[in-house]
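Number of protein chains: 2
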Amino acid sequence: MVSTKIGRLNHIAIAVPDLSEAVKVYRGLLGCIVSEPMALAEHGVTIVFVELDNTKIELLHPLGSDSPIEKFLQKRPGGGVHHICYEVEDVEAAGRQLVQEGARVLGDGPPRIGAHGKPVLFLEPRDFCGTLIELEGA
Amino acid sequence: MVSTKIGRLNHIAIAVPDLSEAVKVYRGLLGCIVSEPMALAEHGVTIVFVELDNTKIELLHPLGSDSPIEKFLQKRPGGGVHHICYEVEDVEAAGRQLVQEGARVLGDGPPRIGAHGKPVLFLEPRDFCGTLIELEGA
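Residue numbers (this note's numbering), protein chains in the order written: chain E, 94 to 231; chain V, 94 to 231.
Chain E on its own, in the form it takes in the complex:
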């Protein structure tokens, strides 16, 4: 039985080396509504939301000395897709089910609270087509 059922794509997160340049691309060149930057110190990122008609893009820039984005940008200095976030109803149950089926969840415990104030888990990219997946609960 599959109890993990992903629903909406919540967002695509793109790590960028220069946030104001990235805002120019999405607001100026591509004509999108883009939020003001928000510093999320506990997540080590400064974030900007780009509104699309059916989902959103999050532009991430490292904040502080221990940012999870820093290492990514060392490997890909021009930026790139950092993760994709899918919504599930119950993120804790989804995590347990995935582990039971042999997939790996990153970290060592229950979901933590993500950038949107909701519980999230990250999945091991090697078990999911080479992409870092964030699951966000309701």
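Hints were generated in silico from the structure; no laboratory data involved.
You may find that some hints are simply not true.
Note that identical chains are pooled: a pair holds if it fits in a single copy or bridges any two copies.
To be verified - Below are the DMTMM-like pairs computed for lysine to aspartate or glutamate, each with C-alpha atoms no more than 20 angstroms apart in a straight line:
1. K98 x E114
2. K117 x E194
3. K98 x D146
4. K98 x E182
5. K164 x D111
6. K98 x E144
7. K164 x E217
8. K211 x D201
9. K117 x D220
10. K117 x E217
11. K211 x E185
Could you slot chain V onto chain E? The hints should help.
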């Protein structure tokens, strides 16, 4: 004046080294509705659609000896996000406008017909946050 205005995220394309394993991940582990594989010889890919509630994921696997996905997988053997596709009303006008504003469009001419039978253009990743963007017209 901005005439390029992207609307919906049409799809995220993920290049995968093993299509049947990738289908198992999205259908079996993540509980999605996944199409049967379609061979698109003129695009050099075999493709599978994953339905999400608000958009779709396309899983791409190389087809033939000159596939654009082959080189990507040589660099990222485990797979990864290959491109993201945004919808625009008029892809030809959007391409002209982007070039006028100094951004680069890949290829050397008018839009070609993409995998969905609609006109598409690809944008130079170095001008768009390190991501390969496909623009799909109406």
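The hints, checked one at a time:
In this assembly of identical chains, the alpha carbons of K98 and E114 lie at most 20 angstroms apart only when taken from different copies (18 angstroms versus 36 angstroms within one copy). Proximity of K117 and E194 under a CA criterion of 20 angstroms is satisfied inter-copy only: 12 angstroms between copies versus 43 angstroms inside one chain copy. Taking identical chains as interchangeable, the C-alpha atoms of K98 and D146 lie at most 20 angstroms apart only when they sit on different chains, with a minimum of 11 angstroms there against 23 angstroms within one chain. For the homomeric pair K98 and E182, the shortest alpha-carbon distance inside one copy (8 angstroms) is at most 20 angstroms, but the shortest distance between copies (32 angstroms) is not.
Proximity of K164 to D111 under the C-alpha cut-off of 20 angstroms is restricted to the intra-copy arrangement: shortest distance 15 angstroms within a copy versus 27 angstroms between copies. In the homo-oligomer, the alpha carbons of K98 and E144 lie at most 20 angstroms apart only across protomers (11 angstroms), although the nearest pairing inside one protomer, at 25 angstroms, exceeds that limit. When the C-alpha separation of K164 and E217 is checked against a cutoff of 20 angstroms, the pair qualifies only within one copy, where the shortest distance is 17 angstroms, while the shortest distance between copies is 24 angstroms. Proximity of K211 to D201 under the C-alpha cut-off of 20 angstroms is restricted to the intra-copy arrangement: shortest distance 18 angstroms within a copy versus 45 angstroms between copies.
Within a single copy, K117 and D220 get their C-alpha atoms only as close as 35 angstroms, which misses the 20 angstroms cut-off; across copies the closest is 11 angstroms, which meets it. With identical chains, the CA atoms of K117 and E217 are at most 20 angstroms apart between copies only, with a shortest distance of 16 angstroms across copies and 32 angstroms within one. Taking the shortest alpha-carbon separations for K211 and E185, only the intra-copy value of 12 angstroms comes in at or below 20 angstroms, while the best inter-copy value is 40 angstroms.
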